[in-house]
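Next come the chains, spelled out residue by residue.
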Amino acid sequence: MNGISKHKVILVTGGSGLVGQAIKKVSEEENRSDEKWIFLASKDADLRDLEETRAIFKEYKPTHVVHLAAMVGGLYKHLKVNCDFLIFNVRINDNVLQCCKEMGVKKVVSCLSTCIFPDDTTYPINETMIHDGPPHDSNFGYSYAKRMIVVMNRAYNMQYGCRFTSVIPTNIYGPNDNFSVEDGHVMPGLIHKGYLAKHKNIPFTVCGTGTPRRQFIYSIDLAKLIMWTLREYDEIDPIILSVDKEDEVSVQEVAEMVKEAFDLKDEVQYDSSKSDGQIKKTASNSKLRKYLPDYKFTPLRQGIKETAEWLEAHYETARK
Amino acid sequence: MRFHRFVDPKDLPNFIMDEKVTILVTGGSGMLGYALQRVVKVEKRPNEEWIFINSKDGDLRDINQTRKVIEKYMPTHVLHLASAVSGMFRNIKFNSDVLLTNQSINTNVYQVCKDIKVKKLISCLSTCIYPDNVTYPITESMLHNGAPHITSIGYSFSKRMLDVMNRCYRMQYGCNFLSVIPTNLYGPNDNFSLEDAHVIPGLIHKVHRCKKEDTPLIVWGTGKPLRQFIFSYDLAKLMIWAIREYNDEENIFFSVDEDDEISIKELVEIVVEESGFKGDVVFDETKTDGQYKKTVSTAKMRQFLPDFKFTPIREGIRETIRWFEENYETART
Chain A
51 MNGISKHKVI LVTGGSGLVG QAIKKVSEEE NRSDEKWIFL ASKDADLRDL
101 EETRAIFKEY KPTHVVHLAA MVGGLYKHLK VNCDFLIFNV RINDNVLQCC
151 KEMGVKKVVS CLSTCIFPDD TTYPINETMI HDGPPHDSNF GYSYAKRMIV
201 VMNRAYNMQY GCRFTSVIPT NIYGPNDNFS VEDGHVMPGL IHKGYLAKHK
251 NIPFTVCGTG TPRRQFIYSI DLAKLIMWTL REYDEIDPII LSVDKEDEVS
301 VQEVAEMVKE AFDLKDEVQY DSSKSDGQIK KTASNSKLRK YLPDYKFTPL
351 RQGIKETAEW LEAHYETARK
Chain B
6 MRFHRFVDPK DLPNFIMDEK VTILVTGGSG MLGYALQRVV KVEKRPNEEW
56 IFINSKDGDL RDINQTRKVI EKYMPTHVLH LASAVSGMFR NIKFNSDVLL
106 TNQSINTNVY QVCKDIKVKK LISCLSTCIY PDNVTYPITE SMLHNGAPHI
156 TSIGYSFSKR MLDVMNRCYR MQYGCNFLSV IPTNLYGPND NFSLEDAHVI
206 PGLIHKVHRC KKEDTPLIVW GTGKPLRQFI FSYDLAKLMI WAIREYNDEE
256 NIFFSVDEDD EISIKELVEI VVEESGFKGD VVFDETKTDG QYKKTVSTAK
306 MRQFLPDFKF TPIREGIRET IRWFEENYET ART
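Those sequence lines, one after another, are chains A and B.
Just so we're aligned, residue 51 is where the first sequence starts under our numbering, counting upward by one.
Just so we're aligned, residue 6 is where the second sequence starts under our numbering, counting upward by one.
A couple of the hints might just be wrong.
Said to hold, decoys possible - With a cut-off of at most 27 angstroms between alpha-carbon atoms, the simulated BS3-like pairs for lysine-lysine come out as follows:
no., chain 1, residue 1, chain 2, residue 2
1, A, K108, A, K86
2, A, K130, B, K124
3, B, K77, A, K130
Said to hold, decoys possible - Label-pair distances were calculated between CB atoms; the ranges are:
no., chain 1, residue 1, chain 2, residue 2, range
4, A, V299, B, N69, 45 to 51 angstroms
5, A, Y341, B, N138, 25 to 31 angstroms
6, A, K340, B, K77, 53 to 59 angstroms
7, B, Y297, A, K75, 51 to 57 angstroms
8, B, Y297, A, E285, 25 to 31 angstroms
9, B, N138, A, P343, 29 to 35 angstroms
10, B, K77, A, K295, 54 to 60 angstroms
11, B, A304, A, D321, 43 to 49 angstroms
To be verified - To be clear about the criterion: a stretch of chain A counts as covered by chain B if any three or more of its residues have a C-beta under 8 angstroms from a C-beta of chain B, and this derived list gives those stretches:
no., region
12, 136–146
13, 185–196
14, 202–216
Please keep in mind that the hints were generated in silico from the structure rather than gathered at the bench.
Please read all numbers here as calculations on a predicted model, not as lab measurements.
All C-beta atoms, glycine included, are put in the ideal place defined by N, C-alpha and C.
Generate the whole structure from the sequences, applying the supplied hints.
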């Protein structure tokens, strides 16, 4: 029996997405002998269905779970289908955590987002503020479904002693994203637009005024930090995973970096008739820096360049 | 909170007197369901059909059973009362179960009601789900302004999600889903379990026991917390009014007015007197008090119903004690 208890079987739900694929890349590079990583996608099981979720858990018998599976989308999609965001994500989260508890999973790390914090707030945001007010109207359904993960983690720990925790990344970007201009997030949307400007000669137009500010985290950095959370972070309360406050940039600055990455000649255009969403969501990473004071994030310009190159190489098969 | 309205409440018709309506009540055999059944017998209109279902008719935690039982009756209106509920001490122990049970029930009922295009769905929140750190009196719009009291986070968040679902279903699908919010409810057919009950039924049962066994009455807590109590028959009348007339997308408190708030100590005195208990009364201050106060504003309710008269608390307690003593063998204890 010695050694078997140390071996981890780590199930990653939403394993085929942006973050899942980054974790896959990093785990393959690290290749630890005491860890077996399994990456699930929606074709393996519809996690909105409890029986399908149970079946997949029984098949793999995970000791650890990284729960990334969710219905996600950019601002404009949320405005359209707020209710679906709420209901689908609530069902997925309820089912996954329930199965984790039933199977005695030792540790679960779920993924939240800074967009779930109260809209009316002081900055920078920190982990204790999650329930201090309603979230922004634009993603009400999604935000509450994610907030409920924090509540469930606490309730499961209070009643059953489960060790379920969560991380709160800021805006994520990287290869394998959803690059849909309509439904995607700001960074992949801009990168796709940059690609179209270069290859289809369409003007590079940014929706909104370009003034909103964000902290962007590269998917590879997030993957490494999630793996650290799974292995070392012992609290039930969530932890924000973000670049420092000083590295917050405006959408306009990002657009300029994308223009540079694709070597575009024309000026960036702005359609200010389109919604900007939240103007800022500055998050504090002091908790992370307490644990990992020396972690070095990939510089934004470099991350954008790598993502642009990935899209150029994989345009046909990329999600868009 | 600003939302785009797909359905303007002013466009929704109130009941047209001769149009048939079928009103399904989930959780129909609980305390409120019991009161509703009795009030409906007297107040039912000719065009109304009222159906009361409970867990024996279907387990609402299961989507297929939920669909089956609701589609059997194809209601035009639904009063959704079914829920895992309990007093504070049980909530502390079973936060996770309460959360998950209620979340399943609520997501299932809402989904089916949307699928069969129910004209109105009213669910029941509770004042204990409001933020713990708040100014008084509490108004309906403060719901999401902070975390609820830790003793009931599972129950509170599952109930808050009803409000979230109301808004999301309304925004995306134009569903007329809304909620009412009673304060502490009491009356016949409550759960009188000594361990798990709410404060009034718990006290009534304790006093009954202490009378029989000739022991002193030990009340948990300091007796200082304040509450507004609403008698189940009064709430039943208000719910019937709501299903017929209330179409505002904002929640509404159903409660006695702020001036009728009483302390637990005063409540104990009333229960003791109405029960005819002559023994000693002691407060066990080592036990938690829960929230000190949760005073809600009845301004909105009074805008709609300025003349509604609540049953005085002494009378409501007297009737509840009488019911308990007459039904002791079969009461939930």
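Hint check:
1. Restraint check: the Cα-Cα separation between A:K108 and A:K86 comes to about 16 angstroms, which is no more than 27 angstroms; the hinted pair holds.
2. Restraint check for A:K130 and B:K124: satisfied, since their Cα atoms lie roughly 22 angstroms apart, inside the 27 angstroms limit.
3. A C-alpha spacing of about 32 angstroms is found between B:K77 and A:K130, which places the hinted pair above 27 angstroms, so the restraint is violated.
4. Checked against the given bound of 45 to 51 angstroms, the beta carbons of A:V299 and B:N69, roughly 49 angstroms apart, stay inside it.
5. In this structure the supplied range 25 to 31 angstroms holds for A:Y341 paired with B:N138, their Cβ-Cβ distance being about 29 angstroms.
6. Separated by about 57 angstroms at the C-beta atoms, A:K340 and B:K77 satisfy the suggested range of 53 to 59 angstroms.
7. Between B:Y297 and A:K75 the Cβ separation comes to about 53 angstroms, which falls inside the hinted range of 51 to 57 angstroms.
8. Distance hint check: the CB atoms of B:Y297 and A:E285 are about 29 angstroms apart, consistent with the given range 25 to 31 angstroms.
9. Against the hinted window of 29 to 35 angstroms, the Cβ-Cβ separation of B:N138 and A:P343 comes to about 33 angstroms, which satisfies the hint.
10. Evaluation of the 54 to 60 angstroms hint for B:K77 and A:K295 yields a pass: the beta carbon distance comes to about 57 angstroms.
11. The hint said 43 to 49 angstroms for the Cβ distance between B:A304 and A:D321, and at roughly 44 angstroms that hint holds.
12. By the rule of at least three residues with a Cβ nearer than 8 angstroms to a Cβ of chain B, the coverage given for the region 136–146 of chain A holds, with 5 such residues.
13. With 4 residues bearing a CB less than 8 angstroms from a CB of chain B, the region 185–196 of chain A meets the requirement of three and the coverage assertion stands.
14. For the region 202–216 of chain A, the assignment as covered by chain B holds, since 7 residues bring a beta-carbon within under 8 angstroms of that chain's beta-carbons and 3 suffice.
The earlier numbered hint that this structure contradicts is number 3, and it is the only one.
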